[in-house]
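Enquirer: As a plain string of letters, each chain reads:
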Amino acid sequence: MTLLQLAGVARSVRLPDGANLDILTGIDLAVETGDHVSIVGRSGSGKTTLLNILGMLDEPTAGTVTFEGRDVRGLSARARDIARGRDIGFVFQQFNLLPGRTALEQVVMPLMYSHGATFWRRRELAAEMLERVGLAGRLDSKPEKLSGGEQQRVAIARALVRKPRLILADEPTGALDIDTGATVMALLDEVATESGAALITITHDLHVAARARRHYRLDGGILRPADLELAFAASTLAVDASAEAALGLSVADASPTPDGER
Amino acid sequence: MARAGIAPFVGAIGEAWDELRVHKLRVLLSLIGVALAVGALTAVVAIGDLQRQFMAEMNDRWGGREATLTIAQYPNGNEPIDQDAWNAHVERVFERYDFSHTSRSAQTELLAGLPEGMTMVQARIVDPAFGTIHRVNIEHGRWFVPADTELMAPAVVISAPLWERLGSPSISTHPTVRIGGAWEGVYQVVGVTPKQGVWDQELRIDMLFDDFRAPMDALPTGFSMQHEVWLTAAQVGEIAPVLAQDLRAGLTEEFTVEVRRSDYGAQMGGDPMLVFTLITGAIAGIVLLLGGLGLVNIQLVAMRQRIREIGVRRSFGATGGRIFLAVMLENVVATLVAGAVGIIIVVVLMQQTFVVQGLAPGISDVPPFPFAAALTGLVAAVGVGAIAGLIPALVAVRVKPIDAIRF
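One line per chain: the protein sequences are A and B, in this order. Here the working numbering is used: the first residue of the first sequence is 1, the next is one more, and so on. Here the working numbering is used: the first residue of the second sequence is 1, the next is one more, and so on.
Please keep in mind that the hints were generated in silico from the structure rather than gathered at the bench. Accuracy of the hints is not assured; some may be wrong.
[What the hints assert, rightly or not] Okay, derived cross-link-like pairs now, DSS-like style, lysine-lysine, Cα gap no bigger than 25 Å in a straight line:
id: 1; chain 1: A; residue 1: Lys163; chain 2: A; residue 2: Lys142
id: 2; chain 1: A; residue 1: Lys145; chain 2: B; residue 2: Lys195
id: 3; chain 1: B; residue 1: Lys24; chain 2: A; residue 2: Lys142
[Claimed, not checked] Using C-beta positions, here's what the derived DEER-type ranges look like:
id: 4; chain 1: B; residue 1: Gly358; chain 2: A; residue 2: Ser147; range: 56 to 66 Å
id: 5; chain 1: A; residue 1: Asp140; chain 2: B; residue 2: Leu300; range: 30 to 40 Å
id: 6; chain 1: B; residue 1: Ile283; chain 2: A; residue 2: Ala19; range: 21 to 31 Å
id: 7; chain 1: A; residue 1: Ser147; chain 2: B; residue 2: Val22; range: 18 to 28 Å
id: 8; chain 1: B; residue 1: Asn297; chain 2: A; residue 2: Thr64; range: 38 to 48 Å
id: 9; chain 1: A; residue 1: Gly34; chain 2: B; residue 2: Gly320; range: 28 to 38 Å
[Stated by the list, open to error] Facing chain A, from chain B, some residues (calculated, C-beta under 7 Å):
id: 10; residue: Ala7
id: 11; residue: Gln196
id: 12; residue: Gly197
id: 13; residue: Ala318
id: 14; residue: Thr319
The C-beta atom is built at its ideal place from N, Cα and C for all residues, glycine as well.
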């Protein structure tokens with residue numbers, strides 16, 4: 001079943017001099033329930049703008065976005081907020097944990113916007129989710145007392161606690177070392193697969209991208225299917241101009257760096 | 001309402017409380033002004049009530065409780081008043097009315113035996129009911145009772161400065177004081193009245209009228225006395241004219257009988273503490289306003305710091321309305337807590353004897369704490385919180401989630 005579909009999506013912004021800057025052009029993408037998609041692209045390619053549109057945080061200037069068959073543009077801002085909270089989970093590069101809150105409170109936060117039994121059982125559900133990501137013993141730890149890997153695991157628990165249909169991971173390993181990043185991605189894959197949620201990972205890191213079943217590259221605002229073998233060849237040999245060109249990546253792009261996306 | 005229905009409100013309250021808990025120091029600093037202002041508002045009303053009662057009691061000590069009728073006779077010509085005959089006349093009239101509290105009262109001077117010798121002191125010549133009518137405070141011992149006229153050694157009540165001059169003897173040791181002149185003899189001190197303040201050095205003896213009258217053949221010419229009757233405020237309007245008529249009956253034109261209310265209630269027009277309450281209330285209102293402005297300022301700065309947090313919350317499903325409600329409630333809950341703290345501090349302070357006696361020395365009936373004023377202060381605080389929360393809440397709602405997350 002198609003969970004999310006983008007058809008001819010474009011996004012442009014008006015510059016101070018009155019000119020239009022096209023960030024995304026003609027994006028077509030269909031994501032099935034339980035799918036795992038990676039999108040790679042260099043800085044400035046429009047990855048974050050695409051993520052915001054996928055997450056109903058931003059609206060396209062052209063084209064349609066449908067979620068479970070419903071045109072997102074037909075939803076009110078409030079309905080989009082509610083749908084986002086219910087169906088989409090975000091994992092950010094910089095974790096974006098709330099300052100001063102314990103791990104349990106971080107994971108309780110999305111449940112504060114739920115209703116019924118989920119709301120009233122929020123602490124219990126959050127504790128179960130933290131246990132699932134291996135942090136049963138750190139429920140009362142605040143972000144400053146957690147390692148980078150642990151913080152990202154808290155962020156994963158937070159993204160999954162409402163059992164979303166879609167998980168959007170924006171450079172999920174961007175602030176982690178290689179080993180910790182690999183562990184965190186393995187966990188994200190596992191938990192997403194377990195819950196049946198679709199996972200879209202936006203990354204610079206080819207190793208992270210390689211974990212997905214389908215791969216795309218975003219270059220100059222245009223989304224195309226990507227061949228990761230070529231990309232790996234480019235990053236390994238560092239001289240294969242054709243491979244570089246094929247993915248729009250450089251070797252430097254293939255390693256984790258802080259995001260400077262538009 | 002269904003449990004699911006109240007979830008957003010309960011959730012917003014929970015978020016507001018969490019925010020206050022996490023940012024205790026910021027909240028504390030921003031709310032000191034509000035707590036002080038609410039405390040001040042409540043204190044103003046409480047002190048106003050206390051002062052009003054204090055002034056009433058002070059006036060009661062001079063003019064009697066509400067409603068006291070004072071009856072006096074004055075000569076219109078040169079013919080002196082026969083005080084004994086007048087006294088008998090008044091008492092005959094009083095008998096018809098069956099008043100519960102009546103007293104004769106007069107001021108004079110007596111010679112009292114002090115360690116340094118016989119000294120002239122002030123004297124009040126009264127009946128036992130004078131203590132009730134004038135709300136006489138007693139520091140040691142007791143006031144007169146009707147049976148005191150039967151005592152072998154006549155009873156007197158003395159002022160604290162006189163008591164100190166006598167060496168501050170314990171009343172339980174039955175101290176005495178010698179009085180000279182026509183009243184030559186030893187009198188038992190049964191009670192001591194307190195000082196009105198540190199300035200009060202009045203040497204005074206209170207003596208029962210019958211004990212004062214007994215050694216004399218007749219009350220001296222020129223001796224001025226008056227009768228007092230304590231009535232309820234409802235009775236006084238009806239009784240006073242009839243009583244005056246009865247008292248005047250049978251008297252010649254050479255004398256005037258005056259029947260007037262001498263108590264505080266009859267003399268004071270309006271609320272004497274109104275100006276004090278208005279001025280101090282206005283000051284407290286300004287403090288509350290400034291506290292509110294401080295709160296707005298700090299909350300606006302806090303919003304800048306919390307943009308990312310707001311963005312994260314929005315990305316996890318918080319609607320604009322929910323963010324608005326949470327920020328508003330933060331202010332309302334915070335000012336409610338601050339207001340409650342301010343009120344509790346004032347309640348505790350106003351229960352302290354040193355505070356009450358410092359503000360209203362010698363007060364006997366401390367008025368109850370004005371909880372209506374406390375409630376008003378609390379409502380004012382919540383109102384300020386809501387208004388102060390409006391601007392930061394609008395700022396928070398205008399934050400775009402995309403920009404906020406990347407802030």
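Enquirer: If a hint holds in the structure, say so; if it doesn't, say that too.
Expert: Evaluated hints:
Note on Lys163 of chain A and Lys142 of chain A: the hinted pairing holds, with a Cα-Cα distance of about 24 Å set against a maximum of 25 Å. For the suggested pair Lys145 of chain A and Lys195 of chain B, the alpha carbons sit about 65 Å apart, so the restraint of at most 25 Å is broken. Among the hinted pairs, Lys24 of chain B with Lys142 of chain A is consistent with the structure: their alpha-carbon atoms are about 16 Å apart, no more than 25 Å. Judged by the Cβ atoms, the range 56 to 66 Å given for Gly358 of chain B and Ser147 of chain A holds: they are separated by roughly 59 Å.
The hint said 30 to 40 Å for the Cβ distance between Asp140 of chain A and Leu300 of chain B, and at roughly 32 Å that hint holds. With their beta carbons about 59 Å apart, Ile283 of chain B and Ala19 of chain A fall outside the hinted range of 21 to 31 Å. Against the hinted window of 18 to 28 Å, the Cβ-Cβ separation of Ser147 of chain A and Val22 of chain B comes to about 22 Å, which satisfies the hint. The given range of 38 to 48 Å is respected by Asn297 of chain B and Thr64 of chain A, whose C-beta atoms sit roughly 45 Å from each other.
For Gly34 of chain A and Gly320 of chain B, the Cβ-Cβ distance of about 32 Å falls inside the hinted range of 28 to 38 Å, so the restraint holds. A distance limit of 7 Å between C-beta atoms decides the matter here; for Ala7 of chain B the minimum to chain A is near 4 Å, and the interface restraint holds. Because the closest C-beta pair between Gln196 of chain B and chain A is about 57 Å apart, greater than 7 Å, the hint is violated. A hinted interface residue such as Gly197 of chain B counts as satisfied when its beta carbon comes closer than 7 Å to some beta carbon of chain A; here the least separation is about 54 Å, so the hint is violated.
Taking 7 Å as the C-beta contact cut-off toward chain A, the hint placing Ala318 of chain B at the interface holds, the least distance being around 5 Å. With a cut of 7 Å, the hint placing Thr319 of chain B at the interface with chain A holds, because the nearest CB-to-CB distance is about 4 Å.
Hint compliance for this structure: hints 2, 6, 11 and 12 are broken, all remaining hints hold.
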